[in-house]
Amino acid sequence: MNTPVITINKLSRHFKETIALNSLSLEVGAGEIFGFLGHNGAGKTTTVRLLNGVIEPTSGSMCVLGLDPQVDGPALRARTGVLTETPSLDERLTAWDNLSIYADLYGVPKASIRPRIQELLTEFELVDRAVERVSGFSKGMKQRLALARALLHKPELLFLDEPTSGLDPLAAHHVNDLVERLARREGCTVFLCTHNLVEAQKLCDRVAILEHGRLVALGTPAELTRQYVRRLGVEMEVSEEQVPAALSVMRGLPDMVLGEAAQPNGALVVTINKHESIPDVLACLVQNHVRVYRLAAQEANLEQVYFTLHEEKEGVQ
Amino acid sequence: MNTRKIFAIVRKDLKVASQNKGVLLPLIIVPLIFFVVLPWLVSLVPSLVNIAGVSANNLNDIQGLINRMPTGFQLELAGYDNNQILIVFFLVYMMAPFFLIIPLMVASTIAADSFAGEKERKTLEALLYTPTTDRELFIAKLLSGWLAAIAVALVGFVLYVVMANAAAWSQMRHIFFPNAMWLVLIFWVVPALPGLGLGVMVLVSARAQGFQDAYQLGSLVVLPVLLLVFGQVSGVMYFNVGVVLLMGLVIWLLDGLLIYLGSRSFQRNRLLGA
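These protein sequence lines map, in sequence, to chains W and V. Residue numbers are given in the numbering used here: position 228 of the first sequence equals residue 228, and the series is strictly consecutive. Here the numbering used here = 1-based position in the second sequence + 1000.
All clues stand as given, with none of them false.
PhoX-like mimics (lysine-lysine), calculated; alpha carbons at most 25 Å apart, straight line:
1) W:Lys-16 - V:Lys-1122
2) V:Lys-1122 - V:Lys-1015
3) V:Lys-1015 - W:Lys-110
4) V:Lys-1119 - W:Lys-16
5) V:Lys-1021 - V:Lys-1119
6) W:Lys-154 - W:Lys-110
7) W:Lys-139 - V:Lys-1015
8) W:Lys-154 - W:Lys-202
9) W:Lys-274 - W:Lys-202
10) W:Lys-202 - W:Lys-139
11) W:Lys-139 - V:Lys-1122
12) V:Lys-1021 - V:Lys-1122
13) V:Lys-1015 - V:Lys-1119
14) W:Lys-154 - W:Lys-139
15) W:Lys-139 - V:Lys-1119
By construction, these hints were calculated from the structure, which means they are not laboratory data.
In isolation and in its complexed conformation, chain W is listed as follows (with noise of 0.2 Å):
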């Protein structure tokens, strides 16, 4: 990880009973797209007023772009930019209107303002429309200006809550090319919080998972499915006569292939209990002379890390 851009230690924040964030520590590194992932209410926007100085902690500290946002919170949004989860544009403005007035705002020089705009709204395929009212857009449309509203005086430090929502997937693909471009090619660090666990997936660099305001996991998606992912899809090939004995081999690793096997278009689909188990099951066919002519283990991926963490949590309850 490069250096810092934010540290929080052991930070809390309770709304009267609800503790909405609960000591939470982490690190993001410049230029890194840090994936903030977890279900409604897990404290995903609560971090992000924290961290930009809109709310207060009721523990703990944060440093973001070597400031106290509590302390320095005027110059530190200065340099940061937030798709907030509502596009939360004026509708009864203009496309044009909305990103002008906040291009005064955020301190834009007054000369680079109408080129920034424009710049933008093309970025956005909204030029055709930089005069309408906002209120006439598609909430698809909204998103984007939102997203423009954030990048106009080009932000060191992103926040985008939940960028591609709305968006069909043309659009949402546009986003991602955008925010992976802002990252790798301007050093821009963001800090994606998401539902979709797909897009963190392919998109970030580390992600951290959010239980009812507990950070549960946190580490690049390959580390998280390592570790989490028990339970794992392995497809194989046998010779079609063998399919019966292969079965029978299996049933009796109860510890390590789980449930009973199944043959979609003619392979083999097991589900084995951990990724140490595979040279197990494969040596057990082989030496019930079973002929196997292809194995291979279905990528884990953030879903599987997401929901084996909320099924323990659950267990835990």
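Assemble the complex: chain W is given as a structure, and chain V must be docked to it using the hints.
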């Protein structure tokens, strides 16, 4: 304090308010009634009374009312015939407290839209993420209502001066309006009044669910002005330069108190319903 940011928010609030018919229509219709229609109607009163076959000189009720007024007021009317007294009484003295309603109403309406309306439209959060300080945000929000109220009041005053003198020209035959009391009212009391509406609205908006809610609660601030109207009509008090100067001082002091209380509650940390 960054004035560019402050005026960006003022520009935003006024543009947004001007696009809302619920905000804009009362701001146009009420001043039009007060500043254009009423002076025209009042100027017709002597003629209407004559059409009805009753000479204004026999309007004992009005004369009785004027007789109950303080001596200073009666001295100001000395030299006018009864038709002229009627016009001066209504256009100069009765309208003075009514005029106070306008800046209060404008400020309260704009403030309700700017404070509570912004929460209702869910546009507040984006504003809170900008590099503005709480004080800049607060001042900008106050300024939006304040500037709009003073602008409407001043334009209304100019209209009223023209309408009152024009409509009453056939009776008065000279420019009788404004007098010294009105000038003090316009340049001392009117600039203070929006603060009253804004201060109350800041406090009300913290608890209001939306524009209508805040607007209805905040409208109660007009009640003291209505008391002034009744005081004037009943002869309990009448507006002269001294009274108006004192009234302005009291309102400025109340502004200070309300705005101090409002600024304490106007903090980012509290605005998102935390």
